[in-house]
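**Q** Could you build the full structure based on these sequences and the hints that come with them?
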Amino acid sequence: MIHSQFGKKFSSSSSISLLMKDLNEGLRKPDVIMLGGGNPAHIPEMDQYFQQLLIEMAKNGQLNEALSNYDGPQGKDALLEALANTLNEQVGWNISAKNIALTNGS
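The numbers in the working numbering rise by one with no breaks, and the one at position 25 of the sequence shown is 28.
There's no promise every hint is true.
[What the hints assert, rightly or not] The list that follows gives simulated cross-link-like pairs (lysine-lysine, BS3-like), each with its CA atoms no further than 27 Å apart: (1) K12 with K24; (2) K11 with K24; (3) K62 with K79; (4) K12 with K32.
[Unchecked claim] Label-pair distances were calculated between CB atoms; the ranges are: (5) D25 with A104: 27 to 35 Å; (6) S15 with E48: 38 to 46 Å; (7) S99 with Q55: 43 to 51 Å; (8) E92 with K11: 50 to 58 Å; (9) A69 with Q8: 26 to 34 Å; (10) I98 with A69: 20 to 28 Å.
These are computed hints drawn from the structure, not numbers from a lab. This one's a predicted model, so the numbers in the text were calculated from it and none came from an experiment. Virtual Cβ for every residue (Gly too), placed ideally from N, Cα, C.
**A** Here is the structure:
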């Protein structure tokens, strides 16, 4: 079938689908530790910590909220305040949640 230039582009693979295919191929090799595409290394202690945290969140009703509700454009208030407190304590800054901007990305 003959396609227009638009048709060729529309029917071909996108860059992101090619990247995800490539990453998936890497995950199929048992000795490969995948660090691409934003995937962190698996640290057994952290995996256990997150599993326990998810169990606790499910028990107290926080898991559904965390998985199902988007935060507002500013981000989650509790995270902004915790981050400000951490920066104040660890770095000696004098900031509040109003001084922090969170953005998405990888």
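**Q** Of the hints stated earlier, which fail here?
**A** 4, 7 and 9
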